[in-house]
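There are 2 protein chains.
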Amino acid sequence: MTSPSHDNAVVILPVTGLPEIEPGDDLATLLGTTIAESTSGLQDGDIVVVTHKIVSKAEGQLVDLTTITPSDLANRWADAWGKDARQVEVVLQQAKRIVRMHNGLIIAESQHGFICANAGVDASNSGSDQVVLLPQDPDASATAIRGALISLTVSRLGVIITDSFGRPWRNGIVNIAIGVAGMSPFADYRGQHDPSGYELRASVLAVADELAGAAELVMHKVARVPVAVIRNYQWTSGEGSGSDLVMPEERNLFK
Amino acid sequence: MTSPSHDNAVVILPVTGLPEIEPGDDLATLLGTTIAESTSGLQDGDIVVVTHKIVSKAEGQLVDLTTITPSDLANRWADAWGKDARQVEVVLQQAKRIVRMHNGLIIAESQHGFICANAGVDASNSGSDQVVLLPQDPDASATAIRGALISLTVSRLGVIITDSFGRPWRNGIVNIAIGVAGMSPFADYRGQHDPSGYELRASVLAVADELAGAAELVMHKVARVPVAVIRNYQWTSGEGSGSDLVMPEERNLFK
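Each protein sequence line maps, in turn, to chains G and C. Under my numbering, think of the first position of the first sequence as 1, with each following residue one higher. Under my numbering, think of the first position of the second sequence as 1001, with each following residue one higher.
So here's chain G without its partners, still in its complex pose (with noise of 0.2 Å):
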């Protein structure tokens, strides 16, 4: 039997080469250029998938620690809990709700309507005196370095903003989307039917998700891998936000 999943196949490329990001950085056109040399150039229909650290970095989203000072909640939490109680008070100001804040963990909502650690302030740089913010608004991040990214021959792309949020009901982290620019978020198969020829109802799948945890798997926290392009996966062009994955309170059943 001839084999045709290898046409079909989905191709995570990972991204080497990129700077350091600095504030103030031209990201956009420093990802075309190190794309450019480290997977032979974008194709049509290519997803790129970068890590909002580098984004928040260009974009100047970070608190310097020697200038904040800490409220008494922050001091009292961060003496119980042996935290730095900068890190804590960063948190309480970046939040629109504290959500849950018990055993040492803090999970608050962040302005975005982002339901997370830390309402998404990173502080995972253990030792060093500044923290990363979340992007101030990941979809027009990610509309600004697709911008950038097409051209004639590359008109159908993607562009998604991840980042590791936690979940309740599950141990462990996984890449999601917090921007997104050139495709829907998600893939709707409703209406649609299944090989059997039965009409599948709730099937509406957060590609965008899926997507971003895919490419964390070249990724690798500890590598200098903070892009990954997506090749050849079927998608349907569409428009959609990272906004349109976050549920709205009013479905919300678990505040």
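Incorrect hints may appear among the rest.
[As the list claims (entries may be wrong)] Only part of the chain C face toward chain G is listed, based on derived beta-carbon distances under 7 Å:
#	residue
1	1008
2	1013
3	1078
4	1081
5	1172
6	1174
7	1214
8	1216
If you are wondering where the hints come from, they were derived from the structure by calculation, not from laboratory data. Everything numeric in this text was worked out from a predicted model, so none of it was measured. Glycine residues also receive a C-beta, built at the ideal position from the N, C-alpha and C atoms.
Since the structure of chain G is already known, use the hints to place chain C on it.
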């Protein structure tokens, strides 16, 4: 600059040609044959991702709705929300506990501890008198499949059995891992350092869930592609199970 990225690319191969699966089928053997024909054979280090539906079918984890007498609760709920009362009854029977019953939705904890819509009971074949349950022991099923696929040349092999779950704060469903064999479901970067030299802390990635989502990118619910092979993903040998991904009850802040 030379392009090492293609050597480091992760490839997601759809496996086509699997026949319709019936109760009692030797799924592991059928998978072995189909994978061999469809992908030119497994390679050491591959990860085989299987949608739970064919596992459940082979194992007879099916319920004939014509045998179900709905309870009063099932009837009332079905009347209120336009559901099939027999399907609702099966959900109630499969649940360890009901987590939310609201606005036509039932979120329940399955016997395995999975918190998901309808306790994992699949009634997506509308108009059919049959519903598909989760495999009774997805980890055992994954282990059995792996046992049939390993060989002298393919000793390092991961097997993941998947389902698609919704998330409490994000729209859409994503493929996740319910059964795992031959590998740890996590990649643990704690104690390691990122490129800037800083130590990473809260970085336990649920890679089995990311692999499940990646596989779905070639499965496309409406195509007959219930199996994928993920090749060249750099994973370190380890042990673990799908149940390791389930957050213990005592740490669940969103009961």
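Let me know if the C-beta of residue 1172 (chain C) comes in closer than 7 Å to any C-beta of chain G, holds or violated. 3 Å, holds
Interface hint for residue 1174 (chain C), Cβ within 7 Å of any Cβ on chain G: Since chain G brings a Cβ to about 5 Å from residue 1174 (chain C), closer than 7 Å, the hint holds.
Classify the hint on residue 1081 (chain C) as holds or violated, based on whether any CB of chain G lies nearer than 7 Å to its CB. 13 Å, violated
May I ask you to test the interface hint for residue 1008 (chain C) with respect to chain G, counting a Cβ-Cβ separation under 7 Å as satisfied? 5 Å, holds
Given residue 1216 (chain C) as an interface hint, is its Cβ closer than 7 Å to any Cβ of chain G? Because about 6 Å separates residue 1216 (chain C) from the closest Cβ in chain G, which is inside the 7 Å limit, the hint holds.
Less than 7 Å between beta-carbons is the criterion; does residue 1013 (chain C) satisfy it with respect to chain G? 5 Å, holds
For the hint on residue 1214 (chain C), just tell me whether its beta-carbon gets within less than 7 Å of chain G. 4 Å, holds
At a threshold of 7 Å, is the proposed contact between residue 1078 (chain C) and chain G supported by beta-carbon distances? Violated - the Cβ of residue 1078 (chain C) stays beyond 7 Å from chain G, reaching only about 15 Å at its closest.
Hint violations for this structure: numbers 3, 4, all remaining hints satisfied.
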